[in-house]
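Q: Here is how the chains run, residue by residue.
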Amino acid sequence: MAKLILSLDGMLLNEFALLKERTTIGRKPGSDILIDNLAISGEHAVVVSILNDVFLEDLDSTNGTNVNSQPIKKHFLQSGDVIELGKYRLKFIDETKLQAAQDDFEKTVILRPDMPRKPAAKTVADAAPAPRKQNQVLATGVIQVLTGAGAGKQMELTKTISTLGKPGVQVAVIARRPHGYFITHVEGAVFPSINGKLLDAQAHPLNDHDIIELAGVKMEFFFKT
Amino acid sequence: MDLVLALEVVSRSDAGTVRSHNEDAIYLNPACGLAILADGMGGYNAGEVASGMVTTQLGGELEKLLTRQAPSLPDRPAMLATEIARVNHAVYQAAQSQAQYAGMGTTLVMAVFHDNAMTVAHIGDSRLYRLRGEAFQQITRDHSLLQEQIDSGLLTPQQARLSQNKNLVTRAVGVDPQVEPEIHEHATLPGDIYLFCSDGLNDMVEDEEIGMALRMLAANLELAATQLVQMANDNGGRDNVSVILVRIKHAYPAAGKAGGWWAKLLAWFK
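So the sequence lines, in the order shown, correspond to chains S and P. Residue numbering for the first sequence follows this note's numbering, starting at 1 and increasing by one per position. Residue numbering for the second sequence follows this note's numbering, starting at 226 and increasing by one per position.
These are calculated hints, taken from the structure and not from any lab test. It should be emphasised that the depicted structure is a prediction, and the values quoted were computed from it without experimental measurement. Just so you know, not all the hints are guaranteed correct.
Said to hold, decoys possible - Listed below are the simulated EDC-like cross-link pairs for lysine to aspartate or glutamate, each with C-alpha atoms no more than 20 Å apart in a straight line:
| no. | chain 1 | residue 1 | chain 2 | residue 2 |
| --- | --- | --- | --- | --- |
| 1 | S | K159 | P | D432 |
| 2 | S | K159 | P | D227 |
| 3 | S | K166 | P | E359 |
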């Protein structure tokens, strides 16, 4: 459920649930969020809901509308955003993001005029195990060239995949995955070797201080400390 | 030039790490230059039925038409439109007649490779990308609420990533008696790599990362396909993820005197 929390000088005034497609904000009687203050225009702004997204639009008000201290004309509201009208503050809170089943969230659904708000829920029997939890952030891996023309050069493995070797001759990639680094042969007549052992076509995990040999060049893999 | 020799085709389809069923389906026939990918939707396992019906029926019918000895070059866009309409009708009827299939449908992205070109048809938010040299770009435009909002200036592409209205398609196969596929012809060049994918890939992995993976692993399509699915799963794997990769190894002009001459003439004007 999405809502706006109205406050002035730090004092909580009211809370408004966003139940309608259009929620008007202004000084005019009849406004959904009525703020009786001269700095606020009769029709100051409007909050529009498009299915699960919420937008704020300034209605050419005299003093303008800010979100997180930035003046806006139209703004795509994210939970936690603070709307500023004069001295008044409206905090936008969207709890649906936290509650929505991740499962249904990613399901492709056809858009129809008569469609229900939430896509068809899956049965309990269909519930899948929770996605694998990443316990700690992976330390950055580094490659240090040990032999050949590039001896001494270091390469930090910050990207999801990094290539080693000469394209068209001998290439291996090192993939940075949530649970570690893995090296895989891509092309070339000879497979790379780790600590003297020739690899096969499968991805191979890299351990701290492994020595990789590729296209005649030796390099060391280690974790940055 | 035989299509099987001119094209390298690889595919992967994975349920992901969250969903228990895989409702994506793939159909390939490299000899006919045919590649089809569908992402099914519907309660329970109806999505699987819809995508399976579409890939099998469309694939089967198109194969027959493409391998027939036609006296003249077939009008491929019209052929695709007709067969898509036929399979749409079949899915729609099935959805109407059985309670557990009510509302089922599927996206579709497919191509027929022919004469140094490809005829592409798509419905929904499954995508076709192309890597040409270093340039990686999306070739199809999603039929989705989000894309319409971006096109009308309501959302920037960056904001679209924050939207909670993701995965709302405005067109699908099997949900209406009539369907309007988007069909285009594109010229292909040797060296091009085409990526067909369901949104399980591009929702989990940024386009930039997909492009980088393809560029780096271009020499090994099997590895590239594995890497793409792995990246999607490593980033959460919240949806089924499927990819088809097609590399144009050589030019593939039309067989026969007339076709060859015409292709050469067209090439002059390129």
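Q: Does S:K159 pair with P:D227 here, judged by a C-alpha cut-off of 20 Å?
A: violated, 39 Å
Q: Is S:K166 within 20 Å of P:E359, Cα to Cα?
A: holds, 17 Å
Q: Holds or violated: S:K159 and P:D432, Cα atoms, limit 20 Å.
A: This hinted pair holds, its Cα atoms lying about 14 Å apart.
Checked against the numbered hints given earlier, the structure breaks only hint 2 and satisfies all the rest.
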